[in-house]
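Asks: Each chain, written out:
Protein chains: 2
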Amino acid sequence: MTDNKEYSYTMLAKLLIVFLIVHLLAVITLILCFSSDHEVASAIVVPVSSVWCVGGPRLEQRRCYFRNLCYSFPHDEFVFVRGADSLVQGLPPTGGPLEAPTTERGVSPPAPPPGGNGDFSVSGGVKSDLRGGASVKSALGGGAKRSLRYRGEAVADLSGGVEAHGNTDFHFSYVEIPEAAIRGKNFTSSILPEKMLVFRRFKPDNLMHVLHDDLLPLWATLAELEYAGARDYRVFFADDHDEGDYWELYRVFRSRTHLNSHHPLVKRSLRAEVDKDADLVCFATATVGAVAHTKWYQYGYDRFQGPAADATITGSKIRAFAHFIRKGLEIPKYDIDMPRYGSRVRQKQPYAVLFNRRSDRLILNEVELSFAISREFNLSTVTVSLETHSLSGIIHLLENATMLIGMHGAQLALSMFLPRHSILLELFPYGLPAAHYTPYRTLAHLEGLDLIYRAWENPDPAKSHPHPEYPVHHGGFVLDATRKIPEQQQAEIVSNVPVKPHRCCKDPAFLFRMYQDTVVDLPGFIRTAWEAFTQRQERLKNRKTESSNATAATFSPAEVKNLNCSYRPGKGVFHVDWEEPWNRAFLGGATNGGEFRMRYLVRVQPAGATEYTEFESAETHLDVPAAEDGGGGLASGSGVHFWVAAVAAGDVVGPWTRRPVHCHR
Amino acid sequence: MTDNKEYSYTMLAKLLIVFLIVHLLAVITLILCFSSDHEVASAIVVPVSSVWCVGGPRLEQRRCYFRNLCYSFPHDEFVFVRGADSLVQGLPPTGGPLEAPTTERGVSPPAPPPGGNGDFSVSGGVKSDLRGGASVKSALGGGAKRSLRYRGEAVADLSGGVEAHGNTDFHFSYVEIPEAAIRGKNFTSSILPEKMLVFRRFKPDNLMHVLHDDLLPLWATLAELEYAGARDYRVFFADDHDEGDYWELYRVFRSRTHLNSHHPLVKRSLRAEVDKDADLVCFATATVGAVAHTKWYQYGYDRFQGPAADATITGSKIRAFAHFIRKGLEIPKYDIDMPRYGSRVRQKQPYAVLFNRRSDRLILNEVELSFAISREFNLSTVTVSLETHSLSGIIHLLENATMLIGMHGAQLALSMFLPRHSILLELFPYGLPAAHYTPYRTLAHLEGLDLIYRAWENPDPAKSHPHPEYPVHHGGFVLDATRKIPEQQQAEIVSNVPVKPHRCCKDPAFLFRMYQDTVVDLPGFIRTAWEAFTQRQERLKNRKTESSNATAATFSPAEVKNLNCSYRPGKGVFHVDWEEPWNRAFLGGATNGGEFRMRYLVRVQPAGATEYTEFESAETHLDVPAAEDGGGGLASGSGVHFWVAAVAAGDVVGPWTRRPVHCHR
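Protein chains in written order, with the UniProt record's numbering: chain P, 1 to 665; chain S, 1 to 665.
Careful, some of the hints might be misleading.
Because identical chains share one entry, a pair is satisfied inside a single copy or across any pair of copies.
To be verified - List of simulated lysine-lysine pairs, DSBU-like, C-alpha gap at most 30 Å: (1) K463 - K484; (2) K267 - K327; (3) K267 - K561; (4) K541 - K506; (5) K506 - K484; (6) K185 - K276; (7) K500 - K484; (8) K506 - K571.
Since the hints were made in silico from the structure, they are not lab data. Here the structure is a predicted model, which means the values were calculated and not measured.
Could you put together the complete structure from these sequences and hints?
Replies: Right, dumping it as structure tokens:
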């Protein structure tokens with residue numbers, strides 16, 4: 001018995017030891033797994049930087065990927081520590097700077113404004129510079145000048161491609177420091193091991209700018225990286241703004257590493273996160289340069305505002321973005337049974353959302369307007385404003401709205417959160433032509449967003465209440481406590497109806513009209529609303545058939561197979577045949593007849609010729625006459641080459657056969 | 001006592017249970033950590049694809065990142081499953097194809113070769129197609145044609161940018177299949193969760209092509225992705241070659257996921273890795289499109305061969321690549337004490353490497369040549385050949401060689417593994433001008449590779465042994481068992497000295513000369529070798545001073561600080577001053593005198609003008625005369641703008657001040 005017990009003790013002890021060892025190993029693994037490399041290494045020797053840039057010669061097409069991109073708080077500059085091991089790829093040539101973002105090429109930089117005040121920045125941070133085509137009179141010897149090498153120029157653009165010629169605020173450049181010099185001075189650095197995307201916000205206090213110029217480009221830039229296989233980027237806003245009113249939205253861009261999530265950093269919060277004593281903070285992996293193809297509007301810095309000239313953004317991408325934002329804000333799928341947004345919304349019936357502004361640009365008969373909408377369209381009407389409702393709440397509400405009504409203003413950018421086939425009604429104060437101010441109209445009309453848009457302009461000065469008592473930047477005439485703008489200029493502003501086209505953003509006539517309050521003329525407004533409502537009803541009716549047609553019509557056939565040809569002396573023709581593309585079976589319809597019938601294009605080129613002739617065939621074969629002489633040139637002794645491409649529904653042409661087939665008599 | 005024991009038992013049991021639970025949790029964690037997502041999920045429903053393309057309009061500048069890119073073995077095609085959730089970004093417009101890689105723009109496609117044989121491919125896979133500027137005679141109605149939409153065209157290039165106009169072998173395109181259709185047919189797929197880079201090899205049986213057209217572009221493409229933060233890509237060679245002789249080199253591109261490493265796949269090995277029953281294999285993350293900027297040579301498909309026109313590859317990048325390959329092959333740092341490569345290498349004295357070929361293009365007096373080199377330069381001489389030595393062995397050997405001698409041929413591409421300031425001596429058979437065939441000369445002369453190159457041409461037909469008895473493709477006159485090429489053509493070939501410029505790759509006169517054996521004329525060769533050797537001695541002597549000068553001369557000063565100006569009526573000048581750039585302290589030298597003295601450029605522009613004048617200053621201030629009238633225009637009442645840029649050693653100009661400073665009288 002004692003023996004047995006001793007035996008048991010020994011066994012248990014052994015088991016315990018084994019388990020202890022396994023346990024220890026497991027804990028070590030756990031620590032390795034979860035801590036991995038996501039800690040700030042503090043005050044270590046400054047690492048050597050490298051950079052790999054891709055993209056075309058235009059700044060806004062470029063991305064630069066850095067290893068050990070450093071940043072100096074005291075000098076507010078990015079620093080590149082160049083040593084023998086620095087790898088450098090794709091930097092601009094030292095001959096001169098890259099092309100700055102602009103839509104108008106070859107234009108010389110704007111002349112400084114007359115009566116210049118020493119600071120060119122207008123609202124939005126646009127200013128002039130001297131790059132570009134300005135002519136130079138050099139006071140230097142020509143010989144000395146020619147050998148100059150320009151470096152330290154911008155290598156990428158940190159904005160979402162805001163169109164503002166000559167604006168260098170968003171250009172990214174860095175200062176080089178030799179590794180040897182930095183070693184000599186015993187510099188230290190805090191290293192952030194996360195992947196960091198460096199971005200500059202445009203105007204984080206305005207919702208339209210937040211969505212159009214910051215969040216959408218950020219989303220696309222991070223999507224591009226994620227598609228390439230690089231996940232978990234953290235965002236660093238290298239601008240001089242603090243978090244701002246809409247930080248809730250920016251915070252949606254959080255990176256996850258194992259169990260932690262990392263929110264974006266502004267300069268202040270970066271400083272708080274790193275070692276105070278370090279001379280530099282270095283990002284182990286940093287990406288610089290933002291996607292510029294998500295914009296749909298230009299704000300009128302270089303010319304009058306309007307849709308962005310080269311916009312390629314589609315509604316389906318906006319919808320993917322909106323989905324991302326909703327998910328990031330943890331907004332649940334709209335559930336009209338859930339008692340969350342008060343009694344008016346909780347009902348199961350359709351509803352309209354009326355945006356109002358609490359402080360300016362008021363709708364003076366808001367309550368009547370709200371009642372009129374409810375009555376006319378049998379919709380509940382919810383009135384919301386950014387001042388009094390949470391963004392998440394408004395976005396959640398819009399997700400299932402039938403109609404959104406609001407004064408022209410940044411909050412209408414939220415219409416991207418509306419469902420398909422819903423209605424956006426934009427109201428314009430007296431004197432402002434709806435056709436001139438179209439950021440939301442352009443948005444609503446993006447292919448695939450499928451919104452129904454109507455503008456209503458106030459035609460009646462009597463129903464308009466301007467505010468000459470406001471300060472100038474707010475649409476009034478007041479310069480400061482004692483002064484107003486001159487009477488004559490006041491009269492000019494008042495008589496400027498409709499407001500003449502102008503540049504962004506300080507035109508006093510524009511501001512005067514923009515900040516008017518309005519009494520909405522109900523019969524006129526309702527007529528406009530009915531137009532939209534009727535269009536919606538029609539769309540909903542036709543929705544099913546449209547979408548299936550649209551899909552079938554855009555699929556491309558594959559290359560045809562087994563292309564062959566032979567000369568048939570009896571008929572004097574070349575006989576070409578092939579088999580239908582292998583994805584034919586997936587494109588719907590029967591092979592002959594049915595939904596659509598596959599056709600084929602046949603290209604015929606005599607050997608040695610540079611011209612070719614194109615035929616069409618409804619079958620998978622074709623007889624091409626071999627002319628006896630001249631003419632088609634098909635008689636030439638060295639033979640003929642044939643290429644074939646299939647044409648599917650919607651006239652979509654597939655690829656040509658890669659290799660031609662060759663025949664001769 | 002019994003109580004105590006029972007107590008102990010209970011304690012032990014409890015401890016055991018706790019440890020068991022912890023153990024279990026740890027094991028689960030371990031499994032989760034290490035297995036993660038690196039298993040092939042078999043035979044599941046086909047996922048929906050998405051694609052995000054970046055880059056310019058030219059195919060070789062583009063990368064396309066896919067989610068769920070599928071591949072069909074039976075049809076040998078890539079498949080894109082398009083559904084409502086497919087995200088599509090950056091595809092070419094449907095109006096027509098993107099520009100194919102070529103250096104000569106606007107050239108119409110090459111006419112098919114006379115006496116065409118129905119297959120245009122020459123060695124290297126070049127063929128003609130009909131894209132580009134060929135004129136069309138359409139046999140179709142014009143109206144019908146205009147509405148056609150071209151899709152299914154190439155979206156990227158899968159090679160490293162081989163210059164071959166009209167070559168579509170490396171174009172990447174895919175076939176679209178509607179999600180609905182594929183669901184209807186109950187298709188299944190094997191999903192590979194790894195990140196996959198899709199590439200096509202050019203000529204995996206030739207070492208020059210392997211290095212120049214496959215490995216170097218692959219390295220750069222993966223480096224680009226890694227810089228962007230996307231590591232652990234696996235490579236899929238979507239070409240019709242099997243692993244081939246140089247697989248050892250391709251295998252260097254292995255991805256690591258936790259404890260496993262994944263070697264590249266060819267079609268056959270991919271097939272072996274996935275479920276046989278699945279209709280498609282789908283890559284969860286796939287990148288398509290290779291870096292095209294690593295090439296330094298074009299092989300003469302469109303024009304006579306020579307250095308690539310737009311080459312940007314530098315020697316330092318080649319060295320980084322060589323380092324990567326050596327590391328991948330697990331070649332140790334060269335240790336001349338280690339008895340690894342036989343007695344001739346093991347000595348501590350410097351040595352030369354003589355490449356020979358065992359089967360053709362022989363050096364007939366190889367032994368005498370070897371002795372002569374040893375005697376003249378006091379070097380040991382090692383003779384190696386690809387047929388008899390391992391690649392790793394040769395690369396290891398080259399790492400510390402003083403001199404490499406070899407006949408013109410692919411193996412000389414290994415000279416990229418030579419150390420700095422070593423010598424490459426290339427031998428040319430009789431009749432082949434060294435100036436015409438320069439892949440290795442171009443390589444050796446790349447900035448930063450720092451090799452010393454000399455070519456030696458055999459001037460003496462008597463010391464040359466051609467092989468008319470070889471088959472035509474091997475430089476002889478034999479067509480097949482019974483036929484030879486005509487006597488007259490033979491005579492032409494023999495009299496064609498030096499060989500006239502020709503296109504790649506089947507010129508019989510070129511091949512005839514190329515496959516000659518050679519008796520190297522020792523005195524002539526030694527003279528050439530001495531030239532190189534003398535240059536080497538000089539370079540080694542000057543190495544130190546050169547490199548430090550070069551480094552200091554390329555650093556850019558930062559923006560100047562605290563730019564100010566004021567008008568000084570007494571002197572009639574604008575006084576401008578500023579502080580030196582903050583990185584001045586790191587750029588060496590004293591502020592006044594010393595290694596270099598910082599200078600400054602000052603740009604002056606009257607407000608409203610488009611012209612500016614540039615001044616230079618050696619101090620951190622400048623007085624700019626305010627002309628009374630006209631002339632400089634500086635008298636204009638609205639004032640003057642000033643910009644300043646610093647100029648550091650080597651005439652490197654830093655960035656201009658972002659905002660100008662403004663002064664007026």
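Asks: For each hint, tell me whether it holds in the structure or not.
Replies: Going through the hints against the structure:
no., hint, in the structure
1, K463 - K484, "within (25 Å within a copy, 100 Å between copies)"
2, K267 - K327, "within (26 Å within a copy, 40 Å between copies)"
3, K267 - K561, "between (60 Å within a copy, 21 Å between copies)"
4, K541 - K506, "neither (45 Å within a copy, 66 Å between copies)"
5, K506 - K484, "within (16 Å within a copy, 86 Å between copies)"
6, K185 - K276, "within (18 Å within a copy, 63 Å between copies)"
7, K500 - K484, "within (22 Å within a copy, 85 Å between copies)"
8, K506 - K571, "neither (78 Å within a copy, 38 Å between copies)"
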